[in-house]
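J.: Each chain is listed here by its residues.
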Amino acid sequence: MGSVPVIQAGVSYYGSGLGLSINAMATHMEVLKGHADNIANFGIPGYRKETPHVTTFAEYLGPNGVEVSKSNEIGRLRQTNLPLDLALAEEGFFRVQDAKTARVSQTRDGRFMLQKDGLMTTITGQYVLNELGQPIRITHAPSDLKKGLKIDEHGILSVMDESSGKFSPVGRLSVVDEAGQKAAKIDVKQGFIEDSNVMLQDEFVGIIPLRRHFEANRQVFMIQNDNLSKLISELGRS
Amino acid sequence: MIQAIIEQAAHNAKVQFNVLDHVAGNIGNMSTTGFKVRRFEQYINEAGTVNGTTRVDTSQGTLMVTDRPLDIAIDGPGYIPVTQPDGQTAYTRDGRLAINAQGYLVTMSGDIVGDGIQISKGPEGYERLYIHPDGNVEVLKKGDSKATQVGQLRLVTFTNPEGLQRGGKNKMLPTESSGKPQLAAIGDGGTIKQRTLEHANVSTFDQIGVTMRLNASVISNMRIIKFSDELYRQAVNLKQ
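Chains as they are written, first to last, in this note's numbering: chain A, 1 to 238; chain B, 1 to 240.
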């Protein structure tokens, strides 16, 4: 490493010093991006906030040294009284399948609807899967879903027979944990949706030190820059 | 990166203004008979940006007694089919009916209810009009002792009523996603209540809740823009 040019005035401009300050400023912008993401997704049910962290070695990694940790906190449950709005009051995810690519993914966003062919889908048109991994299809759906469709806390769907008024089960929602296994605790709430767990005030509290760090690094950069230019002009004169 | 943050925040603020549009539409229609509240649902699309879609809450509105014999309300999920002047069929839950010059039962916008239910022929008029819960329309003529049936008001239901398209003048039109209208068995599509109107199912409190959330979101996004802009300026003016 003998080739690293170090100028003997307390200023090094390679790998540390000036570059380090620039790196730190870029890192803080990346952290800001994390907060901006949370704020943008504030209004999305089932969204879980991702807190950005600066990890070790960030002085070498720069913006790549920023990692996010997903919060597992359960968001506020909001009552909507719609029969196909479901919220999970415990840890877990619904399983949904893309209609085109058949890719299965997990979501906590329980805003579902019934298509004309009886298939239960998310608002973006993905199929909601049952315990056996097949799309849930409710044939002979009652004309008034509010009265005729019940989903209990275990995720069992029951449909009312309109002539007799009796409920009969038609399937069970698949609720899984992060690893895709059946969740240990299942608590499905019908007529509720889970708001995102983003707290706007927390995001802005997180931004305050960010601004100071950015300014500090900017100052350090400018001091080093001044020193360097002074040094070069002094050296040049002698 | 800063540009990306600013763009994201500006886009999100724009989406929030779309939500405000819907809130305004819902509040504006608070006294529209049979109006169904629209909800703007936000989701993250494949590109990772916030997007929205409209959903209709088709739940029953509250019923209000009016004591006008030509006011009807549907207590249930059904729709009244009406024949428009151009011959096309539309569907409505607006039960403010009237009788036109030919004696037919029509809606407020002049569309004939069902295939045509003629209440009175000629100028003699009628003494009393009964619309029964099963849709039977009976008229008691002057001088008669017993009411005679003149027609039946049948309701239709849709598999996915959320998919209905708003057709103007409080009417709905079937679409690909709503499915075809099905003639409901009597009692299935709901019962008809005479001298009653169905209020819009808009809840002021819900709408205020939505407004407060969108307001917080817009303010936050604007602050993020301002903050990013400041960082940007400082980064650009590094040598000062």
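Since the hints were derived computationally from the structure, they do not count as laboratory data.
We treat Cβ as the ideally placed atom computed from N, Cα and C, and that holds for glycine.
Some hints could be false.
[What the hints assert, rightly or not] Straight-line Cα separation of at most 35 Å, DSBU-like style, residue types lysine-lysine; simulated pairs: (1) A/Lys116 x B/Lys180; (2) A/Lys147 x B/Lys193; (3) B/Lys180 x A/Lys70.
[What the hints assert, rightly or not] Pair by pair, the computed Cβ-Cβ distance ranges are: (4) A/Asp152 x B/Ala216: 31 to 39 Å; (5) A/Asp152 x B/Thr148: 47 to 55 Å; (6) A/Asp152 x B/Gln88: 41 to 49 Å; (7) A/Glu153 x B/Thr54: 47 to 55 Å; (8) A/Ile22 x B/Asp229: 18 to 26 Å; (9) A/Ala184 x B/Leu238: 51 to 59 Å.
J.: Take the hints in turn and mark each one as holding or not.
T.: Do the hints match the structure? See the list:
1. A/Lys116 x B/Lys180: Since the Cα atoms of A/Lys116 and B/Lys180 sit roughly 9 Å apart, the hinted pair holds (cutoff 35 Å).
2. A/Lys147 x B/Lys193: At roughly 19 Å apart (the allowed maximum being 35 Å), B/Lys193 and A/Lys147 satisfy the hint.
3. B/Lys180 x A/Lys70: 44 Å, violated
4. A/Asp152 x B/Ala216: 31 to 39 Å: 34 Å, holds
5. A/Asp152 x B/Thr148: 47 to 55 Å: 50 Å, holds
6. A/Asp152 x B/Gln88: 41 to 49 Å: 43 Å, holds
7. A/Glu153 x B/Thr54: 47 to 55 Å: 30 Å, violated
8. A/Ile22 x B/Asp229: 18 to 26 Å: 19 Å, holds
9. A/Ala184 x B/Leu238: 51 to 59 Å: Since the Cβ atoms of A/Ala184 and B/Leu238 sit about 53 Å apart, the hinted range of 51 to 59 Å holds.
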